[in-house]
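Sequences listed follow chains E and W, in order.
Counting along the first sequence from 1, when you hit position 189 you're at 189 in the working numbering, and nothing is skipped either side.
Numbers given in the working numbering equal positions in the second sequence, counted from 1, plus 228.
Calculated directly from the structure, the hints in this document are not laboratory data.
One should not assume that every hint holds.
[Unchecked claim] Beyond 12 Å from chain W on every Cβ pair, some chain E residues (computed):
#: 1; residue: M1
#: 2; residue: K2
#: 3; residue: F7
#: 4; residue: G18
#: 5; residue: W39
#: 6; residue: V58
#: 7; residue: T188
[Claimed, not checked] Heads up, simulated EDC-like pairs for lysine to aspartate or glutamate below, C-alpha to C-alpha not over 20 Å straight-line:
#: 8; chain 1: E; residue 1: K2; chain 2: W; residue 2: E427
#: 9; chain 1: E; residue 1: K100; chain 2: W; residue 2: E427
#: 10; chain 1: E; residue 1: K90; chain 2: W; residue 2: E427
#: 11; chain 1: E; residue 1: K90; chain 2: W; residue 2: D440
#: 12; chain 1: E; residue 1: K91; chain 2: W; residue 2: D349
#: 13; chain 1: E; residue 1: K91; chain 2: W; residue 2: E427
#: 14; chain 1: E; residue 1: K2; chain 2: W; residue 2: D440
#: 15; chain 1: E; residue 1: K103; chain 2: W; residue 2: E464
#: 16; chain 1: E; residue 1: K90; chain 2: W; residue 2: D248
[To be verified] Partial chain W-side listing against chain E, Cβ under 10 Å, derived:
#: 17; residue: A446
#: 18; residue: C447
#: 19; residue: I463
#: 20; residue: Y473
#: 21; residue: A476
Glycine included, each C-beta is placed from N, C-alpha and C at the ideal position.
Chain by chain, the residues:
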Amino acid sequence: MKWSALFNSSVGRKWTMGLTGIFLILFLIVHVGLNACIWAMDGGVMFNKAAHFMGANVVPRLLELGLFAGFLLHIIQGWSLELTNRAARKKGYAVSMGNKGSKWYSRSMGILGTLLFLFLVMHLAHFWVPSRITGLKPVLIDGKEFHNLYGEMLSVFQGNLIVVVLYTIGCISLAWHLMHGFQSAFRTLGVSNPRYLRIIESAGVVFSIVISMVFALMPISMYAGWIK
Amino acid sequence: MQHYIMNLTLKVWRQRNASDAGHFETYPVEGISSEMSFLEMIDVLNEKLLKEGKEPIAFDHDCREGICGMCSMYINGRPHGPWHNNTTCQLHMRAYQDGDTIVIEPWRANSFPVIKDLMVDRGAFDRIIQAGGFISVNTGSAVDANAIPVEKEKADYAFAAAACIGCGACVAACKNSSAMLFVAAKVSHLALLPQGHPEKKKRALSMVAQMDKEGFGACTNTGACEAVCPKGISIENIARLNREYMMAGLAENE
Numbered sequence: 001m002k003w004s005a006l007f008n009s010s011v012g013r014k015w016t017m018g019l020t021g022i023f024l025i026l027f028l029i030v031h032v033g034l035n036a037c038i039w040a041m042d043g044g045v046m047f048n049k050a051a052h053f054m055g056a057n058v059v060p061r062l063l064e065l066g067l068f069a070g071f072l073l074h075i076i077q078g079w080s081l082e083l084t085n086r087a088a089r090k091k092g093y094a095v096s097m098g099n100k101g102s103k104w105y106s107r108s109m110g111i112l113g114t115l116l117f118l119f120l121v122m123h124l125a126h127f128w129v130p131s132r133i134t135g136l137k138p139v140l141i142d143g144k145e146f147h148n149l150y151g152e153m154l155s156v157f158q159g160n161l162i163v164v165v166l167y168t169i170g171c172i173s174l175a176w177h178l179m180h181g182f183q184s185a186f187r188t189l190g191v192s193n194p195r196y197l198r199i200i201e202s203a204g205v206v207f208s209i210v211i212s213m214v215f216a217l218m219p220i221s222m223y224a225g226w227i228k
Numbered sequence: 229m230q231h232y233i234m235n236l237t238l239k240v241w242r243q244r245n246a247s248d249a250g251h252f253e254t255y256p257v258e259g260i261s262s263e264m265s266f267l268e269m270i271d272v273l274n275e276k277l278l279k280e281g282k283e284p285i286a287f288d289h290d291c292r293e294g295i296c297g298m299c300s301m302y303i304n305g306r307p308h309g310p311w312h313n314n315t316t317c318q319l320h321m322r323a324y325q326d327g328d329t330i331v332i333e334p335w336r337a338n339s340f341p342v343i344k345d346l347m348v349d350r351g352a353f354d355r356i357i358q359a360g361g362f363i364s365v366n367t368g369s370a371v372d373a374n375a376i377p378v379e380k381e382k383a384d385y386a387f388a389a390a391a392c393i394g395c396g397a398c399v400a401a402c403k404n405s406s407a408m409l410f411v412a413a414k415v416s417h418l419a420l421l422p423q424g425h426p427e428k429k430k431r432a433l434s435m436v437a438q439m440d441k442e443g444f445g446a447c448t449n450t451g452a453c454e455a456v457c458p459k460g461i462s463i464e465n466i467a468r469l470n471r472e473y474m475m476a477g478l479a480e481n482e
């Protein structure tokens, strides 16, 4: 069987979703870890150094290309699957099944994903565009010039309640998206052993809540002035 | 359980044929015994309709023992009605109270076109089976039962998957109209047994190809299929099918 036919089948398309989904989950771990440097309480020195490494070193830059590819594949394939799946039932039911048998968030991955896409556009415009394209103000650390991404974060979040609320909505969407997506990805890739599935499901719930909460705390703590 | 008599209001989907637009019709039914099965209740209504010179409601049924997979009906927002691990024919009227309104719809999926009223064409499932849901053996006298050793645990999993009666409730319940639970049950049942091994790659590839051709949606692991399956087929089978399919596709002609 040709790879094109394999990855265009319904199962193959879901495999793409699962693989890119797990790749994006791994990216979230890196992202949340690096960003946690804002809580070093050192005026952003550690965070700016970490951001500098991510921007200047060739390995993260190459990974960044992979990340964009992963995001695009996940988003486009997700939308395309959503359309195919919706089209499979032209005439719907008068009485909907609702939550009898499935969770609302497992049925809302398309909408949650779209919210995340909108968040992503805003997020890239806030930080990726200035740090890679339009440029950031420099800051001196140990006599060396660094991009002041930390300063950019402060200026985006401090005093901007609307932005902080939008970021929090983004993080809540992420939590629900992951709540289903984390375990679903492993099922799609073929994990059928009930013992491992139970572990994956529990890990997924913890991961979804913790990672989204830590992300949400970043703009909140800057807005609230918990970081000096 | 105490026996009681009830009066009900039924809202039933009526559709003359595949090309008719269809509509809901409301019927009051009286004097229904709590001991009756759901289909017997429809029989009572149909007798009444016949006496009045009206067209009876067309619906699928055969064994009325919960094993043939013919009965369907999407009842008050759930395939096969409110009971767990149950077919419509084994749903009994004690599930309802006097004065209840029951909405009855056919399975809804493009791949299951309505033939008439509550009857849908589930031929798509037959074509998926024809694509690979079998093993090729020379006919002859029956093989001795224990000639091929089968691991007990695998035999149990295979049996649980083989319990699928192909009723299509999984498709009816799925928001994507996906047939993955059905196909997964058939693929798992054979893949787990030594008799199914020689053709397992070809089987997974052909059955999924046919499933896609029939226009069923993709699986998003919501679990609605498992929740309504009258035979309690586990969604784990879908994960197994995902694995079998991709391994077959990636490692073909190795």
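Each hint tested on the structure:
1. M1: violated (5 Å)
2. K2: Its Cβ does come within 12 Å of chain W, the nearest being 9 Å, so this is violated.
3. F7: violated (9 Å)
4. G18: violated (8 Å)
5. W39: W39(E) clear of chain W: closest Cβ-Cβ about 36 Å, beyond 12 Å.
6. V58: holds (31 Å)
7. T188: violated (6 Å)
8. K2(E) - E427(W): The given pair, whose Cα atoms are some 19 Å apart, holds under the 20 Å limit.
9. K100(E) - E427(W): Violated, at roughly 37 Å.
10. K90(E) - E427(W): violated (35 Å)
11. K90(E) - D440(W): holds (16 Å)
12. K91(E) - D349(W): Given that 20 Å is the threshold and the Cα spacing comes to 15 Å, the pair holds.
13. K91(E) - E427(W): At roughly 37 Å apart (the allowed maximum being 20 Å), E427(W) and K91(E) break the hint.
14. K2(E) - D440(W): holds (16 Å)
15. K103(E) - E464(W): At roughly 17 Å apart (the allowed maximum being 20 Å), E464(W) and K103(E) satisfy the hint.
16. K90(E) - D248(W): holds (15 Å)
17. A446: Holds: closest Cβ of chain E sits about 4 Å from A446(W), inside 10 Å.
18. C447: holds (6 Å)
19. I463: holds (8 Å)
20. Y473: Hint on Y473(W): holds, closest Cβ of chain E at ~5 Å, below 10 Å.
21. A476: holds (8 Å)
Going through the hint list in order, the structure does not satisfy hints 1, 2, 3, 4, 7, 9, 10, 13.
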